[in-house]
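J.: Sequence:
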Amino acid sequence: MGVVTMIAAAAENNALGKDNDLVWHLPDDFKRFKKLTSGHHIIMGRKTFESFPKPLPNRTHIVITRKKDYKKEGAVVVHSLKEALDRAKEDSQPFIIGGGEIYHQALSMADKIELTRVHGSFEADAFFPEIDEDNWELTASEFHPKDESHNYSFTYLTYTRAQ
1 MGVVTMIAAA AENNALGKDN DLVWHLPDDF KRFKKLTSGH HIIMGRKTFE
51 SFPKPLPNRT HIVITRKKDY KKEGAVVVHS LKEALDRAKE DSQPFIIGGG
101 EIYHQALSMA DKIELTRVHG SFEADAFFPE IDEDNWELTA SEFHPKDESH
151 NYSFTYLTYT RAQ
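If you read the sequence shown in UniProt numbering, its first letter stands for residue 1, the second for the next number, and so on.
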């Protein structure tokens, strides 16, 4: 198994989204997500998968659902996070991309977190888990100011599991 990486954009109050959608639009964050995840397996819950207009190009989609008869074109359907990780074991860096419930399950299994911390607090119904500084070490941080394309400032944070 490669390096299991959780990738997310979460506000200062850990808000991820509301009504199965993001509550901000950050084009540079989308570009970074695409660059990091291209060529890899992306593991997600069913609602996250269904929030995409179509499957993302150049990635293997692994969708976790409790629905036994769920089938979708462009997706490998599994019924647990463990099964998802088994299906991605050939990948040097599978990415867990959400949503909230999947992130909470994955926190104990992940090796790395690529978090875009959006500077603001938002009303949400899905939240990223709290990152325990005893278990995770911040290894990189890059601030991005608010500008004409980005309504909020944000910081790319990379965490690795503390040894």
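Any given hint could be a false lead.
Calculated pairs, SDA-like style, for lysine to any residue (alpha carbon to alpha carbon, straight line, at most 25 Å) [stated by the list, open to error]: (1) Lys-72 to Asp-86; (2) Lys-72 to Pro-129; (3) Lys-112 to Leu-26; (4) Lys-68 to Ser-51; (5) Lys-35 to Lys-68; (6) Lys-54 to Glu-101; (7) Lys-89 to Leu-26; (8) Lys-35 to Pro-129.
Distance ranges between label pairs, derived from CB positions [claimed, not checked]: (9) Lys-146 to Gly-2: 30 to 38 Å; (10) Lys-146 to Asp-86: 17 to 25 Å; (11) Glu-148 to Asp-86: 39 to 47 Å; (12) Arg-161 to Lys-89: 26 to 34 Å; (13) Lys-72 to Glu-133: 31 to 39 Å; (14) Asp-134 to Lys-67: 21 to 29 Å; (15) Lys-31 to Asp-111: 21 to 29 Å.
Think of the hints as simulated: they come from the structure by calculation, not from any bench.
By construction, the Cβ of each residue, glycine as well, lies at the ideal position given by its N, Cα and C atoms.
J.: Hint by hint, say whether it matches the structure.
T.: Hint-by-hint comparison with the structure:
1. Proximity of Lys-72 to Asp-86 is assessed by CA-CA distance (about 20 Å); at most 25 Å being required, the pair is judged to hold.
2. For the proposed pair Lys-72 and Pro-129, the alpha carbon gap of about 28 Å is over 25 Å, so the pair is violated.
3. At most 25 Å may separate the alpha-carbon atoms for a hinted pair to count; Lys-112 and Leu-26 meet this at roughly 22 Å.
4. About 20 Å separates the Cα atoms of Lys-68 and Ser-51, which keeps this hinted pair within 25 Å; it holds.
5. Between Lys-35 and Lys-68, the direct Cα distance comes to roughly 33 Å. Violation of the 25 Å bound is thereby established for this hinted pair.
6. Straight-line distance between C-alpha atoms of Lys-54 and Glu-101 comes to about 22 Å, which keeps the hinted pair within the 25 Å bound.
7. For the suggested pair Lys-89 and Leu-26, the alpha carbons sit about 31 Å apart, so the restraint of at most 25 Å is broken.
8. With a C-alpha separation of about 24 Å, the suggested pair Lys-35 and Pro-129 falls inside the 25 Å cut-off, and the hint holds.
9. Checked against the given bound of 30 to 38 Å, the beta carbons of Lys-146 and Gly-2, roughly 35 Å apart, stay inside it.
10. Taking 17 to 25 Å as the suggested C-beta distance range, the pair Lys-146 and Asp-86 does not conform, at roughly 42 Å.
11. Between Glu-148 and Asp-86 the beta carbon distance is about 44 Å. The supplied range of 39 to 47 Å therefore holds.
12. Evaluation of the 26 to 34 Å hint for Arg-161 and Lys-89 yields a failure: the beta carbon distance comes to about 18 Å.
13. A beta carbon spacing of about 38 Å between Lys-72 and Glu-133 agrees with the range 31 to 39 Å that was offered as a hint.
14. Between Asp-134 and Lys-67 the Cβ separation comes to about 37 Å, which falls outside the hinted range of 21 to 29 Å.
15. Range check, Lys-31 to Asp-111: Cβ separation about 24 Å, and the 21 to 29 Å hint holds.
In summary, the structure is inconsistent with hints 2, 5, 7, 10, 12 and 14 from the numbered list given earlier, while agreeing with the others.
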